[in-house]
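A.B. asks: The lines below spell out each chain.
2 protein chains.
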Amino acid sequence: MRVEIWSDIACPWCYVGKARFEKALAAFPHQDAVEVIHRSFELDPNRPKGDTAAVIPMLAQKYGMTEDQAKDAERRLGDNAAAEGLAYRTEGRDHGNTFDMHRLLHFAKEKGGQDAQDRLIGAFYRANFAEERSVFDDDERLIALAADAGLDADAARAVLADPDAYAEAVRADEREAAELGATGVPFFVLDRKFGVSGAQPAEVFTQALEQAWGARSPLTVLAEGAADTTDGDACGPDGCAVPGA
Amino acid sequence: MRVEIWSDIACPWCYVGKARFEKALAAFPHQDAVEVIHRSFELDPNRPKGDTAAVIPMLAQKYGMTEDQAKDAERRLGDNAAAEGLAYRTEGRDHGNTFDMHRLLHFAKEKGGQDAQDRLIGAFYRANFAEERSVFDDDERLIALAADAGLDADAARAVLADPDAYAEAVRADEREAAELGATGVPFFVLDRKFGVSGAQPAEVFTQALEQAWGARSPLTVLAEGAADTTDGDACGPDGCAVPGA
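The listed protein sequences correspond, in order, to chains H and G.
So that you can map any letter, position 10 of the first sequence is 10 in the working numbering, and since no number is skipped, the others follow by simple counting.
Heads up: take any position in the second sequence, counting from 1, add 245, and you land on the working numbering.
Since the hints were derived computationally from the structure, they do not count as laboratory data.
By construction, the Cβ of each residue, glycine as well, lies at the ideal position given by its N, Cα and C atoms.
Incorrect hints may appear among the rest.
Claimed, not checked - Label-pair distances were calculated between CB atoms; the ranges are:
1. H:G214 <-> G:G358: 30 to 38 Å
2. H:A33 <-> G:D324: 43 to 51 Å
3. G:E385 <-> H:P237: 27 to 35 Å
4. G:D289 <-> H:T52: 46 to 54 Å
5. G:E385 <-> H:A178: 38 to 46 Å
6. H:P237 <-> G:R320: 21 to 29 Å
7. H:E203 <-> G:A406: 48 to 56 Å
8. G:T297 <-> H:S134: 50 to 58 Å
Unchecked claim - To give an idea of the chain H side of the interface with chain G (calculated C-beta under 8 Å), a few residues:
9. A73
10. E168
11. K193
12. Q211
Bound conformation, chain H alone:
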């Protein structure tokens, strides 16, 4: 069974939602048969690299709040995070372009599989939401986080130095999100059959996992080929169908 999670590093509900999903997954009896893939979704894809700003004034402006009200909203988000055991720095965070982090998440999957990707997105979230040093516009920071996640630092540096590296993979994820109808994140897709949008309570994820598990179906094989027939010819480990005279 495959769960794909579209998210953005700059999305606090993605940070919280990942923990809630993982709580459900940890208690799911078939957890070993569940493959989790992180997919890219930039909330603000047009924000240029280098355009990094403080979160509190942005929130105040965006929602027509005072800065104190924005701080209160961040504190309540922090309470949601704390309820999942997550650290959350309610003041002093910044936000910016996340494209490079998404590129590195694809690099992580490519080089280290899903476990490395999961470690890296966890590290990005912690760094962004819980630690003082910014994750934006600081390649060395991202490289250090990649290395902590078990990836090769020089290879991560090379990815950051080449703006095309994994760029297409990020955009392909974003196109797919649109095709699947996702307009916000986190967005969870189970076996391409079921969708769960938002940082739902763990119980909702439990129900979704159970429903998707029950709906698993083998492929309907419409036409069967073989290495020993003359119709639907195929090759297998023991050889290829030999065409008759």
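Use these hints to put chain G onto chain H, whose structure you have.
C.D. replies: Below, chain G alone, put in the same frame as chain H:
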């Protein structure tokens, strides 16, 4: 709609099957909505790199034929290829380890998307089945084919120089093939719902495309999140759900 094609470069029926599938796809009214992804399947994953041998004696030994009978079998395969407009060199081909070609196909998808991947697998097939110069144990040959497919030659060289590059992606494809029940190739999977095994006639692919098109279904959304609720909180392009006091 997504069609995944598991295949191996060393598999003549994959070469023929790709052309038959493409004939069906070219006549399919919704072809623009079909995404084609090539997935890796090594027929002989334990064959070491460098263990390259001539095809005809191998066929003769494997099937208990004389070499003349093996040549006849290859000529009949060539007739099948010719019927699809494909060149096929019936004598003098060799076979060997294809892992590096599969790694490059993942590199192609990463760097140039599905079109580049499709061009490259087409180039590998032509080179292996229709051209004199071997594709095995010849990095410069593979790099030249990658460059012809529009990829960066130096980047392709770097992939070949690093045995870990895209290795995990190849293995993940192979694990998925096993999970889906594929024991031979070509193996076509439509929207992870329908399977077609073998180089079936184009009409079979037409029927499979039609059936999968009819079975397309949007995701069943089990829980809807929003950027403006307090349950299933989410972030969208216009901002994040602000937790209430």
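A.B. asks: A separate judgement is required for each hint: does it hold in the structure or not?
C.D. replies: Right, here's what the structure says about each hint:
| no. | hint | result |
| --- | --- | --- |
| 1 | H:G214 <-> G:G358: 30 to 38 Å | holds, 35 Å |
| 2 | H:A33 <-> G:D324: 43 to 51 Å | holds, 45 Å |
| 3 | G:E385 <-> H:P237: 27 to 35 Å | holds, 30 Å |
| 4 | G:D289 <-> H:T52: 46 to 54 Å | holds, 51 Å |
| 5 | G:E385 <-> H:A178: 38 to 46 Å | holds, 41 Å |
| 6 | H:P237 <-> G:R320: 21 to 29 Å | holds, 25 Å |
| 7 | H:E203 <-> G:A406: 48 to 56 Å | holds, 50 Å |
| 8 | G:T297 <-> H:S134: 50 to 58 Å | holds, 52 Å |
| 9 | A73 | holds, 5 Å |
| 10 | E168 | holds, 5 Å |
| 11 | K193 | holds, 6 Å |
| 12 | Q211 | holds, 7 Å |
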